[in-house]
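Number of protein chains: 2
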Amino acid sequence: MARRTGSSGERTAREIRAAAQRLFAEHGYAAVSMRQIAQEVGVQAGALYLYTSDKQSLLADLLIEHMEELLAAWDAARRDEADPATRLETFVRFHIRHHLRRVDKVFISYMELRNLSDENFLRVERLRRLYEQVVEDILHDGVAAGVFRVADPRVASLALIAMLTGITTWYRAGGRLPPERIERIYCDLAFGAVGGAAPAAAGRAAPA
Amino acid sequence: MARRTGSSGERTAREIRAAAQRLFAEHGYAAVSMRQIAQEVGVQAGALYLYTSDKQSLLADLLIEHMEELLAAWDAARRDEADPATRLETFVRFHIRHHLRRVDKVFISYMELRNLSDENFLRVERLRRLYEQVVEDILHDGVAAGVFRVADPRVASLALIAMLTGITTWYRAGGRLPPERIERIYCDLAFGAVGGAAPAAAGRAAPA
Numbered sequence: 001m002a003r004r005t006g007s008s009g010e011r012t013a014r015e016i017r018a019a020a021q022r023l024f025a026e027h028g029y030a031a032v033s034m035r036q037i038a039q040e041v042g043v044q045a046g047a048l049y050l051y052t053s054d055k056q057s058l059l060a061d062l063l064i065e066h067m068e069e070l071l072a073a074w075d076a077a078r079r080d081e082a083d084p085a086t087r088l089e090t091f092v093r094f095h096i097r098h099h100l101r102r103v104d105k106v107f108i109s110y111m112e113l114r115n116l117s118d119e120n121f122l123r124v125e126r127l128r129r130l131y132e133q134v135v136e137d138i139l140h141d142g143v144a145a146g147v148f149r150v151a152d153p154r155v156a157s158l159a160l161i162a163m164l165t166g167i168t169t170w171y172r173a174g175g176r177l178p179p180e181r182i183e184r185i186y187c188d189l190a191f192g193a194v195g196g197a198a199p200a201a202a203g204r205a206a207p208a
Numbered sequence: 001m002a003r004r005t006g007s008s009g010e011r012t013a014r015e016i017r018a019a020a021q022r023l024f025a026e027h028g029y030a031a032v033s034m035r036q037i038a039q040e041v042g043v044q045a046g047a048l049y050l051y052t053s054d055k056q057s058l059l060a061d062l063l064i065e066h067m068e069e070l071l072a073a074w075d076a077a078r079r080d081e082a083d084p085a086t087r088l089e090t091f092v093r094f095h096i097r098h099h100l101r102r103v104d105k106v107f108i109s110y111m112e113l114r115n116l117s118d119e120n121f122l123r124v125e126r127l128r129r130l131y132e133q134v135v136e137d138i139l140h141d142g143v144a145a146g147v148f149r150v151a152d153p154r155v156a157s158l159a160l161i162a163m164l165t166g167i168t169t170w171y172r173a174g175g176r177l178p179p180e181r182i183e184r185i186y187c188d189l190a191f192g193a194v195g196g197a198a199p200a201a202a203g204r205a206a207p208a
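Sequence lines, in order, name chains A and B. Per our numbering, the first sequence starts with residue 1, numbered consecutively. Per our numbering, the second sequence starts with residue 1, numbered consecutively.
In case anyone wonders, no lab produced these hints; they're calculated from the structure. Check before you lean on any hint, since a few could be wrong.
Any copy, or any two copies together, can satisfy a pair, since identical chains are not distinguished.
[Claimed, not checked] SDA-like cross-link-like pairs, simulated, lysine to any residue; straight-line CA separation at most 20 Å:
1) 55 / 118
2) 55 / 30
3) 55 / 27
4) 55 / 17
5) 55 / 35
6) 55 / 36
7) 55 / 31
8) 55 / 9
9) 55 / 26
Only chain A is shown next, with the shape it has when bound in the complex (with noise of 0.2 Å):
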């Protein structure tokens, strides 16, 4: 893959991928071609040629760029110190708020997975694998602590990411719940499928 290095090269591979991001998020990776990328961009389709090698390439970057900040910035996020109930709800924000700011970017990463070709889903998969792991890791320690009481954490790590995950389908800015309060009720709705207490107790949401 030709990547031309260099400031206005890398403003330019940074353009390429958000129109791309942007034209398959509102038609689909399949619908889309290079050149209406390109004309996206302002650039001529034979120029998109230096930076990327095919619209799978893109695809793939996007798809893989999308969990490598995910994970860098759970990284940046995480509090592995601290015990399994703070753990737990570290991440559930954390998911929350990261999630909320890149509708666009989850949408594709879970609709385009099929087009990926067989070597980019196994990349993908691996990074997904990653991140999973982190709840299931969580919720390990926290049976292992006495504090969750969870049948097959690996289920539950799924259930959760999906639960929280679909966050993205409905929410609004400015809509009727603020964000701090959609985190609490999903807070307390994690806690309670892993039969646990968030750590917070008093700050609870009260029940309606």
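Model the placement of chain B on the given structure of chain A, informed by the hints.
Relative to chain A, chain B alone:
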């Protein structure tokens, strides 16, 4: 929308919907042409217009049919006379079974919402809202009966549906867990999330 009647016409209409569903699931709505759908069914492109007015109608039909089928199936499965805990367990098992048998349709129903016209989107949204209300009502009744503890039944119903539907993204027949075990695990997660106890407490999955 001109529709031919009679058993042969109805069969063709069904085949067209099935072909559209397969192609939309594989390539995405925007990338599929009416010509491709006709080819898949084995009819002339022109003949397709005897059955459907355009691709948008085909998509709307699929998504509306999916929701109407879901609501009708729930009407057959629901147990309104039972206590809230039994009703929630009935719902959880129903939702999992119904969706695992229609993974393609579930995928299209989430992914292609963006491609519906405003009018069709509203029709689908109304049906989805009816289904979400099923869970919200159960949670409300459970809170009123003092058997569930839920801060926001509306949000909790969306959270439960997302958690349960998420199974369709990882479940493979013949995998590590048999369907009955998956249903049991998700019942426990759902009851935990709403602060309730599953009715058949003796049958709860043992912690790992």
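Evaluated hints:
Taking the shortest alpha-carbon separations for residue 55 and residue 118, only the intra-copy value of 15 Å comes in at or below 20 Å, while the best inter-copy value is 30 Å. Within a single copy, residue 55 and residue 30 get their C-alpha atoms as close as 9 Å, and across copies as close as 17 Å, so both meet the 20 Å cut-off. When the C-alpha separation of residue 55 and residue 27 is checked against a cutoff of 20 Å, the pair qualifies both within a copy, at 14 Å, and between copies, at 15 Å. For the homomeric pair residue 55 and residue 17, the shortest alpha-carbon distance inside one copy (10 Å) is at most 20 Å, but the shortest distance between copies (30 Å) is not.
In this homomeric assembly, residue 55 and residue 35 come within 20 Å of each other (Cα to Cα) only inside a single copy, at 10 Å, whereas the closest approach across copies is 24 Å. In the homo-oligomer, the alpha carbons of residue 55 and residue 36 lie at most 20 Å apart inside one protomer (11 Å), although the nearest pairing across protomers, at 22 Å, exceeds that limit. In this homomeric assembly, residue 55 and residue 31 come within 20 Å of each other (Cα to Cα) both inside a single copy, at 11 Å, and across copies, at 15 Å. Taking identical chains as interchangeable, the C-alpha atoms of residue 55 and residue 9 lie at most 20 Å apart only when both belong to the same chain, with a minimum of 18 Å there against 41 Å between chains.
Taking the shortest Cα distances, residue 55 and residue 26 sit within 20 Å of each other both inside one copy (16 Å) and across copies (17 Å).
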